[in-house]
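> Heads up: the sequence lines are chains A and B, in that order.
Position 386 (the first sequence) corresponds to 385 in numbering that gives the first Met the number 0; numbering is contiguous.
Position 30 (the second sequence) corresponds to 29 in numbering that gives the first Met the number 0; numbering is contiguous.
Hints listed in this document are in silico derivations from the structure and should not be mistaken for laboratory results.
Just to be clear, a hint being listed does not mean it is correct.
[Stated by the list, open to error] Pairwise CB distance ranges, derived in the manner of DEER restraints:
id: 1; chain 1: A; residue 1: Val498; chain 2: B; residue 2: Gly71; range: 35 to 45 Å
id: 2; chain 1: A; residue 1: Val271; chain 2: B; residue 2: Lys255; range: 27 to 37 Å
id: 3; chain 1: A; residue 1: Gly56; chain 2: B; residue 2: Lys352; range: 50 to 60 Å
id: 4; chain 1: A; residue 1: Lys385; chain 2: B; residue 2: Ala170; range: 19 to 29 Å
id: 5; chain 1: B; residue 1: Pro253; chain 2: A; residue 2: Val498; range: 51 to 61 Å
id: 6; chain 1: A; residue 1: Thr238; chain 2: B; residue 2: Ala217; range: 31 to 41 Å
id: 7; chain 1: B; residue 1: Arg213; chain 2: A; residue 2: Arg310; range: 55 to 65 Å
id: 8; chain 1: B; residue 1: Lys136; chain 2: A; residue 2: Glu185; range: 42 to 52 Å
id: 9; chain 1: B; residue 1: Lys255; chain 2: A; residue 2: Ile332; range: 33 to 43 Å
id: 10; chain 1: B; residue 1: Ala319; chain 2: A; residue 2: Glu379; range: 50 to 60 Å
Computed from a prediction, not measured in an experiment: that's the story for all the values here.
Ideal placement from N, C-alpha and C gives every residue a C-beta, glycine not left out.
Each chain, letter by letter, is given below.
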Amino acid sequence: MIKTQKLLSTVLALAIAGPAVAAEPATSGGQALIRRVTPSQYTQTIKDIFGEGIKLGGRFEPDLRANGLLAVGTAKVSVTATGFEQYYTMARAIADQVTDKDHRSTLITCKPAQARSPDDACTKQVISQFGRLLFRRPLTSSELDAQVIVARDAATSLKDFYAGLRVGLTNLLISPMFLFRQENVEADPAHPGKYRLDAYAKATRLSYLLWDTAPDDLLLRAAESGELHTDKGLKNQVTRMLGSKRLELGVRAYFTDMLGFDEFKTLTKDTVIYPKYTNVLTSQAQEQTLRTIVDLLVTNRGDYRDIFTTRKTFLTPSLGILYAVPVVVDRPINTPELWVPVEYPEGDPRTGILTHASFVALHSHPGRSSPTLRGKALREVFLCQKVPQPPGNVNFEEVQDANSVHKTVRARVNAHLVNPVCAGCHKITDPIGLALENFDSAGGFRTHENGEKIDTSGELSGVKFVGSGGLGQTIHDSEAVASCFVSRVFSYATGATPVQSQSAFVKYAEQRFTANGYRLPDFLQEIALSDAFFQVDGPRAPAPAAQKIQ
Amino acid sequence: MLIKRTDVASRRTVLRGFMGGAAVTVGLPLLDVFLNSNGNAFASGAALPSCFGTWFQGLGGAPGLWEPKVIGANYEMNQQMRFLAPFKKKINIYSGLKAHGRAPDHTIGQAIAFAGNYEDTIPQTIDTIIGDHIGTKTRFRSIEVACDGSTDSVSRRGPNIVNASEPSPIALYARIFGPEFKDPNAAEFTPDPDVMVRRSALSAVSEQREALLRTLGASDRARLDEYFSSLRETEKQLEIQLEKPAPMAACAVPAKLEKEDTGVIIDQARETQRIFAKLIAHAMACGQTQVFNVNFGGGTSRLRTAESAEVFHIYTHEEATDPKLGYQPTVNWFQEQTLQAVTDFVAALDSIKEGDGTLLDRSLMMYCTDHGYARYHTSDNIPMLTAGGAGGRIKTGYHIHAPGDPMTRVGLTVQQALGVPVDKWGQNDNETSKTFTEILA
Numbered sequence: 000m001i002k003t004q005k006l007l008s009t010v011l012a013l014a015i016a017g018p019a020v021a022a023e024p025a026t027s028g029g030q031a032l033i034r035r036v037t038p039s040q041y042t043q044t045i046k047d048i049f050g051e052g053i054k055l056g057g058r059f060e061p062d063l064r065a066n067g068l069l070a071v072g073t074a075k076v077s078v079t080a081t082g083f084e085q086y087y088t089m090a091r092a093i094a095d096q097v098t099d100k101d102h103r104s105t106l107i108t109c110k111p112a113q114a115r116s117p118d119d120a121c122t123k124q125v126i127s128q129f130g131r132l133l134f135r136r137p138l139t140s141s142e143l144d145a146q147v148i149v150a151r152d153a154a155t156s157l158k159d160f161y162a163g164l165r166v167g168l169t170n171l172l173i174s175p176m177f178l179f180r181q182e183n184v185e186a187d188p189a190h191p192g193k194y195r196l197d198a199y200a201k202a203t204r205l206s207y208l209l210w211d212t213a214p215d216d217l218l219l220r221a222a223e224s225g226e227l228h229t230d231k232g233l234k235n236q237v238t239r240m241l242g243s244k245r246l247e248l249g250v251r252a253y254f255t256d257m258l259g260f261d262e263f264k265t266l267t268k269d270t271v272i273y274p275k276y277t278n279v280l281t282s283q284a285q286e287q288t289l290r291t292i293v294d295l296l297v298t299n300r301g302d303y304r305d306i307f308t309t310r311k312t313f314l315t316p317s318l319g320i321l322y323a324v325p326v327v328v329d330r331p332i333n334t335p336e337l338w339v340p341v342e343y344p345e346g347d348p349r350t351g352i353l354t355h356a357s358f359v360a361l362h363s364h365p366g367r368s369s370p371t372l373r374g375k376a377l378r379e380v381f382l383c384q385k386v387p388q389p390p391g392n393v394n395f396e397e398v399q400d401a402n403s404v405h406k407t408v409r410a411r412v413n414a415h416l417v418n419p420v421c422a423g424c425h426k427i428t429d430p431i432g433l434a435l436e437n438f439d440s441a442g443g444f445r446t447h448e449n450g451e452k453i454d455t456s457g458e459l460s461g462v463k464f465v466g467s468g469g470l471g472q473t474i475h476d477s478e479a480v481a482s483c484f485v486s487r488v489f490s491y492a493t494g495a496t497p498v499q500s501q502s503a504f505v506k507y508a509e510q511r512f513t514a515n516g517y518r519l520p521d522f523l524q525e526i527a528l529s530d531a532f533f534q535v536d537g538p539r540a541p542a543p544a545a546q547k548i549q
Numbered sequence: 000m001l002i003k004r005t006d007v008a009s010r011r012t013v014l015r016g017f018m019g020g021a022a023v024t025v026g027l028p029l030l031d032v033f034l035n036s037n038g039n040a041f042a043s044g045a046a047l048p049s050c051f052g053t054w055f056q057g058l059g060g061a062p063g064l065w066e067p068k069v070i071g072a073n074y075e076m077n078q079q080m081r082f083l084a085p086f087k088k089k090i091n092i093y094s095g096l097k098a099h100g101r102a103p104d105h106t107i108g109q110a111i112a113f114a115g116n117y118e119d120t121i122p123q124t125i126d127t128i129i130g131d132h133i134g135t136k137t138r139f140r141s142i143e144v145a146c147d148g149s150t151d152s153v154s155r156r157g158p159n160i161v162n163a164s165e166p167s168p169i170a171l172y173a174r175i176f177g178p179e180f181k182d183p184n185a186a187e188f189t190p191d192p193d194v195m196v197r198r199s200a201l202s203a204v205s206e207q208r209e210a211l212l213r214t215l216g217a218s219d220r221a222r223l224d225e226y227f228s229s230l231r232e233t234e235k236q237l238e239i240q241l242e243k244p245a246p247m248a249a250c251a252v253p254a255k256l257e258k259e260d261t262g263v264i265i266d267q268a269r270e271t272q273r274i275f276a277k278l279i280a281h282a283m284a285c286g287q288t289q290v291f292n293v294n295f296g297g298g299t300s301r302l303r304t305a306e307s308a309e310v311f312h313i314y315t316h317e318e319a320t321d322p323k324l325g326y327q328p329t330v331n332w333f334q335e336q337t338l339q340a341v342t343d344f345v346a347a348l349d350s351i352k353e354g355d356g357t358l359l360d361r362s363l364m365m366y367c368t369d370h371g372y373a374r375y376h377t378s379d380n381i382p383m384l385t386a387g388g389a390g391g392r393i394k395t396g397y398h399i400h401a402p403g404d405p406m407t408r409v410g411l412t413v414q415q416a417l418g419v420p421v422d423k424w425g426q427n428d429n430e431t432s433k434t435f436t437e438i439l440a
């Protein structure tokens, strides 16, 4: 009892005074990048600038996953001819809508002197207003003048001011300044000989990390005034952004990337075996996980590691059917299903996001579950451990026994584990995944397979456990889970995997994450206010003069 | 308000001049004169342009089922290729070829056959190499399609520059034959003023190129340069729309698609491929493109039947060999479905008559798969096939057997046939300077 009281008083003292905060270590090695905006960033930016009702009407190029994140791939991809065609189609569709009769009165802030003639003053006002938001910085005078001339010529030819404006807006929307986030570097006056991101690049990094969209007017103003280069100004903006409802967008975007939800686009299930698995359910499965994470980490400022153990989630009636949990909610006919908060009882096997269909269904074969795929994904996504690909020349006959009939998946994969050729890799994946066998390929809950009770015992790096609950707790307690998360969020924020010279910061950030109770908003604040987040080694090396395109 | 015009570049100034004038001088595009009376060449005597494309499906060969017993012209089509029998005189079969390189996975075959290398990344693929040579004057530089509902593609302009496939036949129809399509056989031609405006406006973006690229390091510069090349493609599309197209006798606009059913069930993929084949064939017959890439169902293919949850890929590794037949029966069934799909594509090109010949005769389709025996990921004896004579530049009707030679020999032969100035191709052990001279016309 005395011990408990002492511990309690220590905890309280820490809570009041706060743990001693070590200073951020000086690091180097950051890069100024050119990153293609992601589909969600493009979509959200258009929505923010032009309103919810604007339809895009096009298709995005596939993203590239590099070192576990699409965000890192954005610094490696370009725009192909087909991709450009699609951006152009979308740009035209957006510009058409913005200038049409339904929207111009609310979106276009000036009126031309004559509707059938150019009006440079009005054009300049509109182009500079939208251009600043799309380019994430004010347009240079030559950029602005070029688009005003384009709009003037078009308005003259087509005898329509708005047709001219439409063409000018289209040009902004297909510009590389909009489609790519280009980080400019300037000499750092506080550290002679060193460089820093310019204020607009800083604003852009902040905005895409925290909100997954382009900087808003206030953030751009903070960049324009130089406020963002001061500690106080930066803190003001970060506090404002973390307090905004938009933080949810940023958190959703991060987890959508980290959890690999882009793979749902090509995921198929055998609908004969799994009639409950539909397109609606596919999107609901992702939404369930994102809602659970946002509720836990943002709304309730919970411990990141609890995403693996939480008994709280949100379900629709359809998901309830999938998980064998009754969810009854009245709704008008022909309206989308409603979401209901659910709290499972202690010991329920459906706890933690690893049991969600967004994980177990995504990492399964079309017609059967896969402990191997699930174990591999778990190690790679949450623990940042690379699982080797199967060797190219593996002789599959070793595990093939046409006459055997395995009643359970466990019996089937055990064939891998007893065979020395296969066991090397399978023993680092399968024993993890086997703990999730209460969930079939589509995420459906089950206790038996082909009449046989499912054994959900598993093992991770020598720690044995039973069932999804045991697995969730083991991951929760694993040291690698927090360090993986810290490193991955930092990669997501900067667009590059940390290099050796940044490792001191990553370690420091991990300590701060731990000290702050693994709370995501605090950790994001730590990153957003750090020097390492904005650190750049120097300007990009200039290249020789460009060749002409024929 | 006064706007300085000094920074507005010349190309756009010229175009603005066009727009300002009441009369529009209409230049002639790719086809600079009318066709001859046979419809198989221009009146000047120049042949209709060659077309080129790739066709890929993984999990390809099975020992003994592909390789004909006789080499040369008098070979007999064996079990798996029997569907192609009607086109025997218009195709070449290649056997014994090898993909050298790293431990083979399901990317090796197409990487070596189409790109000549596969180490950490896959470099530029043959369709873009040939396309840059033959297909720069059509409305679309190339058309990529995937038949399993995905956007997966084998076409690359560079390691991270993948030309994504179109998964939707309806979307492809709209792209090619939608409102912006100009019928080359229409009697009247009026340039669309809106297109003129758009073409002029685009140059205000493309003219930023040099200033922007100057500030970048090499790798970023390459990426932004790719962006500007892509922008240039759209500019060219608009330029072509402003020019009266020369008549193409065989051009016919296919009926508009009202519905589609895409997915990984093999029947869906087969039907999707048939529709794509028809659209691509008509696009080429109408001079809209000269380059195509068909990805039927990918390498680790997710294709399956409606009756079974197991996918093609799983069968290749897990299905037992039938002792009587000597092969995996379900895998063979999928492979035969693939070859029937190849046949559907070849038939679509051959169904378009152009004078005495067909569209297939002036085209060259290059098929490959990933493994000689998918079950063990082998990289020997990988089946390849070409269809069409590339406008008389490739002799057809042969079985060519080149045991142990790199697959790149086919690619080098095809590039030379289509006029690409190249004397060797491929990297490391896949580099070759040996063409199949016996089929070069």
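> Going back to the hint list, which numbers does this structure go against?
1, 3, 4, 10
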